[in-house]
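**Student:** Kindly generate the complete structure, drawing on both the sequences and the hints.
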Amino acid sequence: MEHATLGVRILVPLFSLCIVAMILVARKRDLFIRRIQGLSAIEEAVGRATEMGRPMICCTGLGVEGGVEIVTLQALAIVSHIIRTSVRFATRAILPVYDPQMLPVTEEAVREAYTLEGRPDSFNSEDIRFLTNRQFAFAASVAGLIAREKAAATFLFGYYYAEALIMAETGQQVGAIQIAGTPATTQIPFFIASCDYVIIGDEYYAASAYLSREPTQLGSIVGQDIAKWLILLTIILGCALVSIGAATSSPIGANFTQFFK
Amino acid sequence: MFTPQTGGAWYGYIAGAIVASIVLIVILTQLPQRARKWVLFTVTFLGGLFYALEFFLPTHEMMIEGNKAEGNFLTPFVVPMANILPALSSFAVGLGVINLFQLHTKRVLKWNLDSINSVVFFVAMILMTVAHIMAKRPHPSEFVTSLQKILFDGALQSLDATMFSIIAFYITSAAYRAFRVRSLEATLLLATAIIVMLGQITIGQLLTSSLPDYLHIEVVRNWILTKVNAPATRAIAVGLGIGSLAVGLRIWLGLERGSYFEN
Chain F
56 MEHATLGVRI LVPLFSLCIV AMILVARKRD LFIRRIQGLS AIEEAVGRAT EMGRPMICCT
116 GLGVEGGVEI VTLQALAIVS HIIRTSVRFA TRAILPVYDP QMLPVTEEAV REAYTLEGRP
176 DSFNSEDIRF LTNRQFAFAA SVAGLIAREK AAATFLFGYY YAEALIMAET GQQVGAIQIA
236 GTPATTQIPF FIASCDYVII GDEYYAASAY LSREPTQLGS IVGQDIAKWL ILLTIILGCA
296 LVSIGAATSS PIGANFTQFF K
Chain E
68 MFTPQTGGAW YGYIAGAIVA SIVLIVILTQ LPQRARKWVL FTVTFLGGLF YALEFFLPTH
128 EMMIEGNKAE GNFLTPFVVP MANILPALSS FAVGLGVINL FQLHTKRVLK WNLDSINSVV
188 FFVAMILMTV AHIMAKRPHP SEFVTSLQKI LFDGALQSLD ATMFSIIAFY ITSAAYRAFR
248 VRSLEATLLL ATAIIVMLGQ ITIGQLLTSS LPDYLHIEVV RNWILTKVNA PATRAIAVGL
308 GIGSLAVGLR IWLGLERGSY FEN
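Chain order of the listed sequences is F and E. The opening position of the first sequence corresponds to residue 56 in our numbering, with each subsequent residue numbered one higher. The opening position of the second sequence corresponds to residue 68 in our numbering, with each subsequent residue numbered one higher.
The set of hints was computed from the structure by calculation and includes no laboratory data.
Mimicking SDA-like on lysine to any residue, the simulated pairs with C-alpha atoms at most 25 Å apart in a straight line are:
1. Lys203/E x Arg189/F
2. Lys316/F x Leu141/E
3. Lys316/F x Ala299/E
4. Lys316/F x Asn296/E
5. Lys104/E x Phe178/F
6. Lys173/E x Pro175/F
7. Lys135/E x Phe117/E
8. Lys173/E x Gly108/F
9. Lys294/E x Ala253/E
10. Lys173/E x Arg189/F
11. Lys316/F x Ala119/E
12. Lys294/E x Phe311/F
13. Lys83/F x Ile318/E
14. Lys173/E x Arg109/F
15. Lys316/F x Phe123/E
16. Lys294/E x Thr289/F
17. Lys135/E x Met56/F
18. Lys104/E x Leu79/F
19. Lys216/E x Arg189/F
20. Lys205/F x Ser180/F
21. Lys294/E x Ile291/F
22. Lys205/F x Ile238/E
23. Lys205/F x Val187/E
24. Lys294/E x Gly293/F
25. Lys203/E x Gln224/E
26. Lys294/E x Leu256/E
27. Lys104/E x Gly173/F
28. Lys104/E x Asp176/F
29. Lys294/E x Leu288/F
30. Lys177/E x Leu200/F
31. Lys205/F x Ser95/F
32. Lys104/E x Val160/F
33. Lys173/E x Asn179/F
34. Lys283/F x Gly308/F
35. Lys83/F x Phe108/E
36. Lys216/E x Asn188/F
37. Lys104/E x Glu269/F
**Tutor:** Right under this line is the structure:
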């Protein structure tokens, strides 16, 4: 079992405090969040699907360890906003699901998106499809779905592995407008090569805040930024102390780095 | 409670678990929406609290399942807690199978050109399920063993490998689009890719062997990977880590508005 070191025991609660504090602040006053191009293109993609009269494919990825997990829930939060937009435009969205545990959660989230837009009767449970929980069988199924339905737009959010390119290139081949976002750093280059818009890094976790403008989520993003500033300052301080330690043969730098091991 | 049972106790525990699950499901479905959300929040909070305390509380050397390990008073319960998850996921697999059956039954009943795919699905699913169950029984016949091998090793694994190999062609087409010289960024990408690819192979290393050491292509490639690529990747990873912490906190503390806890 892994357990927290002294550094982790101090830093994680400190970062958590920043995030929770900013969430509370955001509930009382407006906070600014910069424009994220990939997310601004969502309406354009949905609009294009509406004009072409063809469906959209929204995929929430494979997940890291399977089951209901944060990465996939975040993807579902983004997809829920896309579904709300698609309901407004009366455009069909198909959601392939990889993990059976995510199936009821996905159904519930999509049903709620339809209800929030005042169109609960338009919800079709057949559009949320559990395909398989085998990696390449899932990739083949999604690629087949994109090709057969001639998807006008594909949204690939969540955690992906090698199958990312199979799905994204199939979308490219059918001429779909593609927006992707993944925390899997190894798959970002493939998405950049194949998709029209890619959100990278922590934009992935900022996406739902950007789309919903919901104070809790905006506050969380500002809290994350403060935490990142703290990390940056720690890195600069660490570089300075290690350099001083090396120049003066003092253990100050070693002691500092030891704190984070 | 968390130790494996045998004989009559095993049947008792199974029956007890089924009855308890049914009672729990009935209670949850009867609860008003608001109360159900509070139940969800409480279970989520307690589950998160358990793992957070187990991770953060000071540890000491102790015996866990007959082995010496570092831990605290909650550590012995980590494995039993983790064992609950497969039970939950087995319920979910049932949901997945029901979803597939509903979808493909409708398609077969409607009958059009695509319905043949649904027929193939039913045949494959039934055949593979039966073959696997029969093969797992004591002393399976040679026919069953062969059938299982043909379906799983011969068909399924080969199809997996086929899909995986297709990636090579997709990488080529994606790389062609990415490396077309259309802008400054694409040109930089192309130049970097050429250096990294040539630095990886002996011909590239041979081409620059007459240059000073610091201009050898494998040295430049290594510099790009460790001094440019790695820091950028780490910076992305730091942002993702903090983002993941924030989403986890919002869900754990019930601060997330939306599908899960609050409308």
